[in-house]
Structures are given as structure tokens and as C-alpha cells.
Amino acid sequence: MPRCFWCTDDPLYIAYHDEEWGVPQRDPQRLFEMLLLEGFQAGLSWITVLKKRERYREVLFGFDAERLARMTDEEIEERMQDPGIIRNRLKLQAARRNAQAWLKLEDPVTLLWSFVGGQPRINRFDGRGDVPAVTAQAEAMSKSLRKLGFTFVGPTICYAYMQATGMVMDHTLECDRHSALSMN
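So that you can map any letter, position 2 of the sequence shown is 2 in UniProt numbering, and since no number is skipped, the others follow by simple counting.
Just so you know, these hints were derived from the structure itself, not from any lab. Accuracy of the hints is not assured; some may be wrong.
[Stated by the list, open to error] Think about it this way: if two alpha-carbon atoms lie no more than 30 angstroms apart in a straight line, the pair counts; the simulated DSS-like pairs of lysine-lysine are:
no., residue 1, residue 2
1, K104, K52
2, K104, K147
3, K91, K52
4, K147, K91
5, K91, K51
6, K143, K104
7, K91, K143
8, K143, K52
9, K91, K104
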């Protein structure tokens with residue numbers, strides 16, 4: 001099956017590409033998890049985070065925002081010793097802060113999807129050189145989330161988040177997933 005240029009031959013990456021990436025996601029728990037994982041990815045490759053996702057689910061309370069918002073400094077320090085995650089204190093502190101900000105949102109799903117008008121944007125990119133790293137919508141999302149108290153939500157992270165959660169569908173035209181997701 002032809003896949004997007006970024007998908008390697010790693011089975012985990014293939015499954016992520018084929019089953020998750022670009023699929024419209026409206027479950028608040030899943031949207032929250034992906035927002036945090038995209039923040040953990042900053043400066044790293046996505047496959048690095050993907051390989052650690054299960055461990056993150058274990059040590060970050062299943063991405064339960066209420067529990068994560070109460071994570072203590074001591075619990076952050078414990079996680080800093082865990083080789084199964086990316087041991088970055090600022091990113092762990094951001095996860096706690098983002099959980100606190102998330103809990104203040106009245107309707108996070110509607111807010112997040114508002115940056116694309118509530119419906120997935122289906123793009124028709126030929127290949128690697130056509131896919132942007134940032135869009136005006138991602139810049140607007142970043143600005144809004146920062147005002148709401150979120151961190152590690154720069155425009156590039158926000159666009160990757162929009163791609164991952166299907167707010168934008170950026171499977172390239174050469175990828176078999178493009179036609180499947182364009183029909184939804």
C-alpha cells in the first residue's frame with residue numbers, strides 16, 4: 001500500500017499512519033492525550049514519542065486530566081528517573097499545567113475544532129514539498145491556547161496536532177489513505 005513520505009517501515013509507525021493519523025478525533029480524552037504527546041515530541045521525531053506512548057499512559061495516569069493537574073513536584077521528579085519516557089522536566093511540568101488549563105475549558109472539543117470551522121479540512125498535497133509545517137489556523141490555535149494557559153503549543157506543534165487528530169487531512173495524494181479519509 002502506498003503511504004505518506006514520512007511513514008517508515010517500522011510496524012508501529014505503519015499502524016499509526018494507517019489507523020490513526022488524519023482520522024477525525026472528537027473524543028476529549030483522546031484529544032487531550034494527543035495534545036500532550038505532541039508537546040512531548042517538540043524537538044524530537046514522532047516515532048520517538050510513539051514508542052513511549054504506552055509508558056506515558058502508565059506514568060501520566062492514563063492522561064486523566066484531573067489527576068494529572070494534581071501531579072506534585074515529587075511525582076514529576078519520580079518520572080524524571082523513568083527511562084521509559086522522555087525525561088524533560090519542562091515538558092512534564094507543561095503536562096501538569098496543560099491539564100490544569102484543559103480542565104478550565106467549558107467545551108474543549110468545540111474550541112479545538114473551531115480553528116477548522118468544525119469540519120476536517122481535506123487537503124490535496126502531491127508530496128513532501130507541498131505539506132506545510134504551519135498554517136494560519138495553527139497559528140490562531142497556538143495563540144488561543146497560550147492565552148488560556150497552555151504551554152508547548154507553538155504553531156508547529158499545533159499543526160502537527162491538527163494533522164494527527166484529523167482536523168486537517170494531510171495524507172498526500174499518492175497515499176492510499178487519502179482517498180479513504182476524503183470520503184468521510
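Of the hints stated earlier, which fail here? Checked against the structure, no hint fails, so every one of them is satisfied.
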